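S.K.: Model the placement of chains P, D and R on the given structure of chain B, informed by the hints.
Protein chains in written order, with our numbering: chain B, 2 to 280; chain P, 2 to 280; chain D, 2 to 280; chain R, 2 to 280.
Since the hints were derived computationally from the structure, they do not count as laboratory data. None of the values given here were measured: they were computed from a predicted structure. Hints may contain errors.
Given that identical chains are not distinguished, each listed pair holds provided it fits within a single copy or across any two copies.
Said to hold, decoys possible - Within a straight-line C-alpha distance of at most 20 Å, the following computed EDC-like cross-link-like pairs (lysine to aspartate or glutamate) qualify:
hint	residue 1	residue 2
1	112	18
2	136	240
3	205	11
4	14	97
5	112	187
6	135	99
7	62	22
8	62	11
9	205	18
10	112	193
11	112	269
12	135	269
13	112	41
14	112	75
15	14	229
16	136	241
17	112	87
18	136	87
19	62	218
20	14	41
21	136	193
22	136	190
23	62	187
24	135	181
25	136	22
26	135	193
Letter by letter, the chains look like this.
Number of protein chains: 4
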Amino acid sequence: MQPRASHLPDIQKTPDERGIDIDEVGVSNIRYPIAFPLRDGGFCHTVATISMRVSLPHYEKGTHMSRFMIALQEKVDVLSPSRVFDVLSELLRLLDADTAYLDMSFPIFLKREAPVTRLAGLLDFECGFKGVLKKDGTYDKVVEVRVNAASLCPCSKEISAYGAHNQRSRITIKVREHGELIWFEDLVDIAERNASCALFPILKRPDEKFVTERAYDNPKFVEDIVRDVAVDLLAMLRDERIRYFFVSSNNFESIHNHDAYAHVERGELGSLLSGFSHD
Amino acid sequence: MQPRASHLPDIQKTPDERGIDIDEVGVSNIRYPIAFPLRDGGFCHTVATISMRVSLPHYEKGTHMSRFMIALQEKVDVLSPSRVFDVLSELLRLLDADTAYLDMSFPIFLKREAPVTRLAGLLDFECGFKGVLKKDGTYDKVVEVRVNAASLCPCSKEISAYGAHNQRSRITIKVREHGELIWFEDLVDIAERNASCALFPILKRPDEKFVTERAYDNPKFVEDIVRDVAVDLLAMLRDERIRYFFVSSNNFESIHNHDAYAHVERGELGSLLSGFSHD
Amino acid sequence: MQPRASHLPDIQKTPDERGIDIDEVGVSNIRYPIAFPLRDGGFCHTVATISMRVSLPHYEKGTHMSRFMIALQEKVDVLSPSRVFDVLSELLRLLDADTAYLDMSFPIFLKREAPVTRLAGLLDFECGFKGVLKKDGTYDKVVEVRVNAASLCPCSKEISAYGAHNQRSRITIKVREHGELIWFEDLVDIAERNASCALFPILKRPDEKFVTERAYDNPKFVEDIVRDVAVDLLAMLRDERIRYFFVSSNNFESIHNHDAYAHVERGELGSLLSGFSHD
Amino acid sequence: MQPRASHLPDIQKTPDERGIDIDEVGVSNIRYPIAFPLRDGGFCHTVATISMRVSLPHYEKGTHMSRFMIALQEKVDVLSPSRVFDVLSELLRLLDADTAYLDMSFPIFLKREAPVTRLAGLLDFECGFKGVLKKDGTYDKVVEVRVNAASLCPCSKEISAYGAHNQRSRITIKVREHGELIWFEDLVDIAERNASCALFPILKRPDEKFVTERAYDNPKFVEDIVRDVAVDLLAMLRDERIRYFFVSSNNFESIHNHDAYAHVERGELGSLLSGFSHD
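Here chain B stands alone, though its shape is the one from the complex:
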């Protein structure tokens, strides 16, 4: 006969004497299939890497790790911003915690048409979402995209008789929401329109001519990219659509074996989200 849970000691529930509150404890590096609603309708089926954590008061020895997985498995067949809230609520309830955290990253796939031939294909963008829910109902969210695009060096163009070095850049945008939902696609649009040129899944020769000339006509330092994105995000900050933003660009320089990097950060990130990026 198998043992029943009630017969087995529950070490986690024993009292702890060290007097140390644990900021965050839980499970990390869970891979899980999700479906995400898209701005233009429909869903994007994808795979997320997920972490979930709660605060643990000093007098409890341990949390119950299996309950995190139960909260996830019951809730995220189709994950959407409202469902993240449901998972966090369930974590607060199941684990009797003051604060619950959920952090996930996943690629999304958006249709992109070639600029001349209009041949369409899917392009991938790395997205992230961090949510924090407190027992008093305070709910705080950071939305994040990583968008690859092309950058062409203004200095190289100016000083050279012909040509200019260009390369793939990774533009990262993070915003803290201000109530209103911010679509990943809106942030992707901001990143793409402020690079020297967007990337495309399919380019025939007329398209390749277009993007080559477009990038040459539109040179940008790594500083220009983050400033031009910041101009758009500052407008959202002024309109109180967001409470905070971070934008960086990392240019995989085609003339060096290291990268060029810049970032601009404005607004209030808030103490609720401060612990997320440390490990």
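M.R.: Same frame as chain B, now just chains P, D and R:
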């Protein structure tokens, strides 16, 4: 007015004088959403990393990279073994090549029940598929899974008064098909039943007791894991269900900062697939 | 005849009208050989991944990327804490900046003896260093180590008739210095002594018996590891040896395919270092 | 009193009844500091990731993992090709094996001067070495480099009114030695001179003008890079300096989010090295 492709020179089609056939040329590191049929019915929506290549004869300067993406985008809404064949056929046709290669890896998610409480959740397994199609119709395939499982050290158990070190292990199985389709799930089963214990997404205390004791009752060296898997695969080789196998186990030792590793390889991999694993 | 720099326009120096100060701009992902002094004497030759950045006022279009590499190449034959200060000073001077940042990570190798046979070998630990220097001379530093060790589950031990699951854990400690130099080795010691058992490069059978039994006698939840490390770090905080600490443990669970995680953070990180961990 | 090894049972030495020879068994993912002799004199201190394996006959249950680490720790203070031979010899002796394998990868740092200003700095290249020693004295070696360089697209240049897309490429060269030692630096030279332009650690404006124009004057498809490298390696093959080569280029396309790839392989890799690249 935009230029038309017919007005733009096609450098790729110019003749090449170096006299060097290119073994494989194409596109790599494409991320793409796919849906894969499961052995027990239904589909697994997931995200693949894909490479596609063709052979290029010495007298042609270059291949046409956009056609790879066109072949993929038209074919793989729901990718299945027969669809990979379709993509490869399309590559042969669009690129007028002698040989076409497709290589992809992706996680799949399978339902796993806790051994005592029967609480169910999804567990992820890394899969791979390599296909080669020649103009004469020869079609060759290698199927691959990477399964994480628990291993418990027989030496540590034997020499210690109590306890035994154990750890997560990554078991890799690759088989070359012999006509018949081999399900990823069949290979996952072989890996899981030959480890000290399988992994589970959700374990309550009665389950945790079960898996702890199961692993202790079933100690395995890294050598034991690959030999026990090999016994099962040798049976498939004798039955001509497969033409080749490779099995390795990499144990993330809990007492060291390096890993223990072993592999066994039998049968004929075949020259068609020899170039795949070099880069 | 080659052009001279003085004849080529300097686009970076042109004025910028967007009115946006850039928090940090520079170079990242530089790999570079370094030699680091060890607490017990001698140097550890190793390879660092380095980023360097400065603040850029709104009225300047761009920074001069080559000067970062020049500052590095001239200074870091043998990198030590005082040399990082020199590189940062040189960045402030060469780039006429208000603030300069240097961020690097690298493995160090420390001798470890097997607990019974005393066979010695080298064990690797991942280290990091972040330094910020302002024009007014303010110098702020964060020191970081990532130590792999063994953890054995108290619940699994308590509820099982025999055995207990155990695994490799990665313990991360970050401290903000308070004037006094903190050795990486001191933080490594704290991490190792608070795990269920340390790792070793070489273990013969009598050693393996020792570490197996030692871990079984010393079970620790992920919560226990971060609390026990926190007790040691709180003492350093009280003594004003440090101004801030962060400790996390990530346990690569041998019974799951995901990890268990916890962290504790105390003290003041300070605004100077807030931008580091965002990308 | 501590137990002595002679009192503890040696499970690894018990006979095995499954009848399965193990191709390779040992330790992997060891990080270790090494010093490597350079072609132009002096040593490069760096950090290697090392795997070591031996064959295991069907009648032995297990190998002795600690002996691998002992063989390494005694031998590789300053690793050189002759020292790898010593480690392999020691593995054959300590483990009474028929075949011993050592596989390692590490960055090396070479001085590079800017093309106009001659400012010098260190540039990193990823290297690898695989050695196999058999009991009968047969010693086989594969040497490998990964060199990043710039590629500029001939099609983009030809069809565009101005500019041309360019990007970082990773060129991989592997050669099987034919008795004679092949320097990593010789292979690096071959890769760099066959790209559109080499990379540099420090570039002032006159240098940036030079490399921009050099790449534009020297456009290369991914096919051109591997063919031009292959021409050089075919000459070494004809001269019997090497017995086999593999060259690939992976171009991180600045207009796409995927890469362009090509490879050429010639000569005989040999059965001794066939098992290396599978996992």
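S.K.: Does each hint hold? Answer for all of them.
M.R.: Right, here's what the structure says about each hint:
For a Cα distance limit of 20 Å, the shortest separation of residue 112 from residue 18 qualifies neither inside one copy, at 56 Å, nor across copies, at 35 Å. For the identical chains of this complex, residue 136 and residue 240 are neighbours neither inside a copy (29 Å) nor across copies (35 Å), given an alpha-carbon limit of 20 Å. In this assembly of identical chains, residue 205 and residue 11 lie within 20 Å of each other by CA distance solely across copies; the values are 11 Å between and 64 Å within a copy. In this homomeric assembly, residue 14 and residue 97 come within 20 Å of each other (Cα to Cα) only inside a single copy, at 12 Å, whereas the closest approach across copies is 52 Å.
Proximity of residue 112 to residue 187 under the C-alpha cut-off of 20 Å is restricted to the intra-copy arrangement: shortest distance 14 Å within a copy versus 35 Å between copies. Taking identical chains as interchangeable, the C-alpha atoms of residue 135 and residue 99 lie at most 20 Å apart only when both belong to the same chain, with a minimum of 6 Å there against 39 Å between chains. Taking CA atoms no more than 20 Å apart as the test, residue 62 paired with residue 22 passes inside one copy only; the shortest distance there is 10 Å, against 47 Å between copies. For the homomeric pair residue 62 and residue 11, the shortest alpha-carbon distance inside one copy (10 Å) is at most 20 Å, but the shortest distance between copies (40 Å) is not.
With identical chains, the CA atoms of residue 205 and residue 18 are never at most 20 Å apart, being 68 Å at best within one copy and 26 Å at best between copies. In the homo-oligomer, the alpha carbons of residue 112 and residue 193 lie at most 20 Å apart inside one protomer (14 Å), although the nearest pairing across protomers, at 37 Å, exceeds that limit. Within a single copy, residue 112 and residue 269 get their C-alpha atoms no closer than 33 Å, and across copies no closer than 42 Å, so neither meets the 20 Å cut-off. In the homo-oligomer, the alpha carbons of residue 135 and residue 269 lie at most 20 Å apart inside one protomer (18 Å), although the nearest pairing across protomers, at 23 Å, exceeds that limit.
Only within a single protomer do residue 112 and residue 41 lie at most 20 Å apart by alpha-carbon distance; the minimum there is 10 Å, versus 32 Å between protomers. In this assembly of identical chains, the alpha carbons of residue 112 and residue 75 lie at most 20 Å apart only when taken from different copies (13 Å versus 31 Å within one copy). For a Cα distance limit of 20 Å, the shortest separation of residue 14 from residue 229 across copies, 18 Å, qualifies, whereas the shortest one inside one copy, 53 Å, does not. Neither within a single protomer nor between protomers do residue 136 and residue 241 lie at most 20 Å apart by alpha-carbon distance, with minima of 25 Å and 34 Å respectively.
For the identical chains of this complex, residue 112 and residue 87 are neighbours neither inside a copy (30 Å) nor across copies (22 Å), given an alpha-carbon limit of 20 Å. Proximity of residue 136 and residue 87 under a CA criterion of 20 Å is satisfied intra-copy only: 13 Å inside one chain copy versus 48 Å between copies. When the C-alpha separation of residue 62 and residue 218 is checked against a cutoff of 20 Å, the pair qualifies only between copies, where the shortest distance is 18 Å, while the shortest distance within a copy is 62 Å. With identical chains, the CA atoms of residue 14 and residue 41 are never at most 20 Å apart, being 48 Å at best within one copy and 40 Å at best between copies.
Taking identical chains as interchangeable, the C-alpha atoms of residue 136 and residue 193 are never at most 20 Å apart, the minima being 38 Å within one chain and 36 Å between chains. For the homomeric pair residue 136 and residue 190, neither the shortest alpha-carbon distance inside one copy (35 Å) nor that between copies (38 Å) is at most 20 Å. Taking CA atoms no more than 20 Å apart as the test, residue 62 paired with residue 187 passes in neither setting, with 44 Å inside one copy and 27 Å between copies. In this assembly of identical chains, residue 135 and residue 181 lie within 20 Å of each other by CA distance solely inside one copy; the values are 19 Å within and 38 Å between copies.
For the identical chains of this complex, residue 136 and residue 22 are intra-copy neighbours only, at 16 Å inside a copy versus 38 Å across copies, given an alpha-carbon limit of 20 Å. In this assembly of identical chains, residue 135 and residue 193 lie within 20 Å of each other by CA distance neither inside one copy nor across copies; the values are 35 Å within and 34 Å between.
Comparing the model with each earlier hint shows violations of hints 1, 2, 9, 11, 16, 17, 20, 21, 22, 23, 26; every other hint is respected.
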